[in-house]
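Under our numbering, the first residue of the sequence shown is numbered 71, with each subsequent residue one higher.
If you are wondering where the hints come from, they were derived from the structure by calculation, not from laboratory data.
Do not rely on the hints blindly, as some may be mistaken.
Stated by the list, open to error - The calculated lysine to aspartate or glutamate pairs, modelled on DMTMM-like cross-linking and capped at a C-alpha distance of 20 Å, are:
#  : residue 1 : residue 2
1  : Lys120    : Glu189
2  : Lys188    : Glu127
3  : Lys130    : Glu106
4  : Lys130    : Asp103
5  : Lys101    : Glu131
6  : Lys74     : Glu127
7  : Lys130    : Asp102
8  : Lys74     : Glu131
9  : Lys99     : Glu88
10 : Lys151    : Asp102
11 : Lys99     : Glu127
12 : Lys188    : Asp204
13 : Lys120    : Glu171
14 : Lys193    : Glu171
15 : Lys130    : Glu179
16 : Lys74     : Asp115
17 : Lys151    : Glu131
18 : Lys151    : Glu179
19 : Lys193    : Glu210
20 : Lys188    : Glu216
21 : Lys120    : Glu88
22 : Lys120    : Glu131
23 : Lys120    : Asp102
24 : Lys180    : Glu131
25 : Lys151    : Glu171
26 : Lys151    : Glu192
27 : Lys188    : Glu131
28 : Lys188    : Asp217
Said to hold, decoys possible - Pair by pair, the computed Cβ-Cβ distance ranges are:
#  : residue 1 : residue 2 : range
29 : Thr181    : Ser206    : 15 to 25 Å
30 : Gln109    : Ser213    : 51 to 61 Å
31 : Glu117    : Ile78     : 46 to 56 Å
32 : Asn85     : Arg123    : 19 to 29 Å
33 : Ala76     : Arg177    : 17 to 27 Å
34 : Glu106    : Glu171    : 38 to 48 Å
35 : Pro136    : Glu88     : 14 to 24 Å
36 : Ile104    : Ala129    : 18 to 28 Å
37 : Gln214    : Lys130    : 39 to 49 Å
38 : Gly183    : Ala122    : 20 to 30 Å
Cβ coordinates follow ideal geometry from the N, Cα and C atoms, glycine included.
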Amino acid sequence: MVLKAASIRTGYYYNALEPYIHFVPFMEKHKDDIVEAIQWARANDEEAQKIARRGVEFAKEHLARPARLCYLFRLLTHLSKQYRYPVSCQRRKLCVPLVEELKYMSRFEKTAGTCNYKELLEKYATDELSAAPDDSAFEELYSQHEDPLHWPRDDVFVEELTRGRQQQ
Numbered sequence: 071m072v073l074k075a076a077s078i079r080t081g082y083y084y085n086a087l088e089p090y091i092h093f094v095p096f097m098e099k100h101k102d103d104i105v106e107a108i109q110w111a112r113a114n115d116e117e118a119q120k121i122a123r124r125g126v127e128f129a130k131e132h133l134a135r136p137a138r139l140c141y142l143f144r145l146l147t148h149l150s151k152q153y154r155y156p157v158s159c160q161r162r163k164l165c166v167p168l169v170e171e172l173k174y175m176s177r178f179e180k181t182a183g184t185c186n187y188k189e190l191l192e193k194y195a196t197d198e199l200s201a202a203p204d205d206s207a208f209e210e211l212y213s214q215h216e217d218p219l220h221w222p223r224d225d226v227f228v229e230e231l232t233r234g235r236q237q238q
């Protein structure tokens, strides 16, 4: 079960979290009310387990990598509309327009069912000038994704890659 401290900091998903639905709040009444939160959880074990399950489900749906990528796509799309100059990949060795990455993810076996890519692409990518026709860039992106030097996915992947090289 998640115990969440009150804070002035915020995450993109905080507005969707509900106290005693997804987490048990503390540091709301005073700085030491974590003891009260733990006592409440112990006294209400069944409800605490329900909160824990709902918290896990929330995290799987909203905090997993595909959900974060959906959020980032929307954020970057909105921010890109604020630019006063054209964004270009012409001088970059490896540059994939976000719309192409999303099209790739919508077809790639491991990510295809993790986000409503069709909705995202229909809503945000219909007038994207950098987009390749249909899925014509899929094979090229697939080979780039398979090359570990192009796409270190996360710290765990980089550690595994580094360990593999050290063992050789």
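Checked hints:
no. : hint                        : in the structure
1   : Lys120 / Glu189             : violated, 32 Å
2   : Lys188 / Glu127             : violated, 23 Å
3   : Lys130 / Glu106             : violated, 28 Å
4   : Lys130 / Asp103             : violated, 28 Å
5   : Lys101 / Glu131             : violated, 31 Å
6   : Lys74 / Glu127              : holds, 16 Å
7   : Lys130 / Asp102             : violated, 30 Å
8   : Lys74 / Glu131              : holds, 18 Å
9   : Lys99 / Glu88               : holds, 17 Å
10  : Lys151 / Asp102             : violated, 45 Å
11  : Lys99 / Glu127              : violated, 28 Å
12  : Lys188 / Asp204             : holds, 12 Å
13  : Lys120 / Glu171             : violated, 37 Å
14  : Lys193 / Glu171             : holds, 15 Å
15  : Lys130 / Glu179             : holds, 18 Å
16  : Lys74 / Asp115              : holds, 17 Å
17  : Lys151 / Glu131             : violated, 28 Å
18  : Lys151 / Glu179             : violated, 31 Å
19  : Lys193 / Glu210             : violated, 25 Å
20  : Lys188 / Glu216             : violated, 24 Å
21  : Lys120 / Glu88              : holds, 13 Å
22  : Lys120 / Glu131             : holds, 17 Å
23  : Lys120 / Asp102             : violated, 24 Å
24  : Lys180 / Glu131             : holds, 16 Å
25  : Lys151 / Glu171             : holds, 19 Å
26  : Lys151 / Glu192             : holds, 17 Å
27  : Lys188 / Glu131             : holds, 17 Å
28  : Lys188 / Asp217             : violated, 26 Å
29  : Thr181 / Ser206: 15 to 25 Å : holds, 19 Å
30  : Gln109 / Ser213: 51 to 61 Å : holds, 56 Å
31  : Glu117 / Ile78: 46 to 56 Å  : violated, 28 Å
32  : Asn85 / Arg123: 19 to 29 Å  : holds, 21 Å
33  : Ala76 / Arg177: 17 to 27 Å  : violated, 43 Å
34  : Glu106 / Glu171: 38 to 48 Å : holds, 46 Å
35  : Pro136 / Glu88: 14 to 24 Å  : holds, 23 Å
36  : Ile104 / Ala129: 18 to 28 Å : holds, 21 Å
37  : Gln214 / Lys130: 39 to 49 Å : violated, 28 Å
38  : Gly183 / Ala122: 20 to 30 Å : holds, 25 Å
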